[in-house]
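S.K.: Modelling step: build the complete structure from the supplied sequences, incorporating the hints.
First to last, the protein sequences are chains S and R. Here the first sequence stands for residues 1 to 275, numbered as in the numbering used here. Here the second sequence stands for residues 1 to 301, numbered as in the numbering used here.
Honestly, the hints are just simulated from the structure, not real lab data. Among the hints, a few may not be true.
[What the hints assert, rightly or not] Result set (DSS-like, lysine-lysine): computed pairs, CA atoms no more than 30 Å apart in a straight line:
#, chain 1, residue 1, chain 2, residue 2
1, S, Lys179, S, Lys93
2, S, Lys114, R, Lys286
3, R, Lys298, S, Lys114
4, S, Lys179, R, Lys298
5, R, Lys286, S, Lys179
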Amino acid sequence: MVQTSLPADRASASRPGTAGGAESVLDVVDVTRRFFGMAALDGVGFSLPAGRITGLIGPNGAGKSTLLNVVSGLLRPDAGAVRFQGEDITGLKPHRLAARGLTRTFQIARGFPKMSVFQHLMLYGPRQPGERLLQAPMWSRTARDREAELAERALAIAGRLRLSPLLDAPVTALSGGQKKLVEIGRTLMAEPRMILLDEPMAGVNPSLGAEIAAHLQALNAEGISLCLVEHDMALIRQLCHHVVVMAEGRTLVTGSFEQVAANAEVQEAYLGRRH
Amino acid sequence: MLSYLLFSVTIGGIYALLSLALNLAWGGAGLVNLGLAGFFGIGAYATALATGAGAPLAIGLCVAMAAGVLAGLAITGLTLRLRDDYLAIVTLGFGEIVRLVALNERWLTNGADGMSGILAPGKAALGVVGFNQAWAGGVTLVVLLVWLLLRRLDQSPFGRALRAVREDQELAGFAGKPVLRLKYQAFALSAAVAALAGALYAHYQSYISPDHFQPLITIYIFLAVTAGGIGRPVGAVLGAYCVVAFLEATRFLAAVVPGIEAVQVAALREALVGLSLLLVLHLRPKGILPERIPPAPKAPS
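M.R.: In structure tokens, the structure reads:
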């Protein structure tokens, strides 16, 4: 499905609606973002195929985290556009993106310290009539039904991630690995079409890492597109159908893992130029 | 003595309303509101002006709450980028501005002389004791209703989303929660409850002046919410009654200390209030009735 192993030529990489022939879910078009004059993103562009797992890699300082922050609505780009499922989402607030099915996770597992695992799962449920100020005290039939529906899903997801015994524990009481699982669980509650994962395996032991990898593959099998920023090349090789390499705020190469790994420019970006 | 007890119950109820207001903004959404006395004052002056112009009590209370909502929305809008200490300082400034406006805009508020003869329903008909009984009962009923409403909000998905904003507002956005809307709503509702407390106070006392809206009230209410348990409406109510009971008790306690003058008695009371806050924070940092995590429903087996 991916033909190019050549350095991404900007025109083809930023062409919307396609990603190497497949339908694209996310299009990043010529995005620029500067911090105090320094361009962290300098016209980066690529398209991600729908229903696939894409790895976003690149050396430190390539702009991966900034790009994730721009796509997820935390930062506004200075120039360029982001399209999700064909619609322009540039500069939309995170909660609007969540409503469209685009969510993200964080490198360091974040949570709401005084809330339980179950509350975290419930919180992420979309379309909650009980969150409206005027409906909340009425506790209307629709609000109660929705709450019961979400509770059922939350319990099912907790069971799937083997978090059931921890449902009432505050997230601060969990281990680092369990926090990662809660993060995956609550993201699932949001009924996403695409999840951006920022180093999902950072600081996780190998056996839990394998468990998380299996969960990610299961999610993908259900049709959810994934894009993960990751430094673990073995994991990228194992999980990702498609790889985007960034360097110095631009797209360097896109293609399959083998194509990308064989590319001289990628080797140079990671290992340095031979003099 | 009976009138004094009934007076204390009524004031306790008014403090309870203020505590519920603070608990909603601070305990619920994490918005530190040191301008509580300002919203309290706005409610009092709004109803004094409205009923002074001939409106009945019910309209006066509605005008007070509407004024509270407007002030709350304005303050939220002005402080959107502020959190924690910075928000606290700005809201403290707001409270002082309200007091200074009341002090200086004589044409509207009669300045330092205050507004007297505010509509006090039942005072003439019921006599002193009957009036105090009716108001103690009425204010307690209002506390009960507001408590039930806020408890319901607290336990609803709205309360859950608000907690998320309190804990990490950026993450709450990624969880799909409209952070701005939630902040506006929580703060405006909190301001409305504080203004309602002010309106009830104005009608009960039938006299208000800028002196009644000193920042010290805000400190008492923070003490009440901290002692009762931040983040739990029933804790706020309990804390408020405890603080009023404590304040009134120290009146007698300080009087039995030999060899001090009236001014020193007043100072000793303030010192005791400070000491009690330290003790509460030391012994029960989460309050008497701390926030609870509601248990998850059991999975159908």
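S.K.: Hints the structure violates: just list their numbers, smallest first.
M.R.: none
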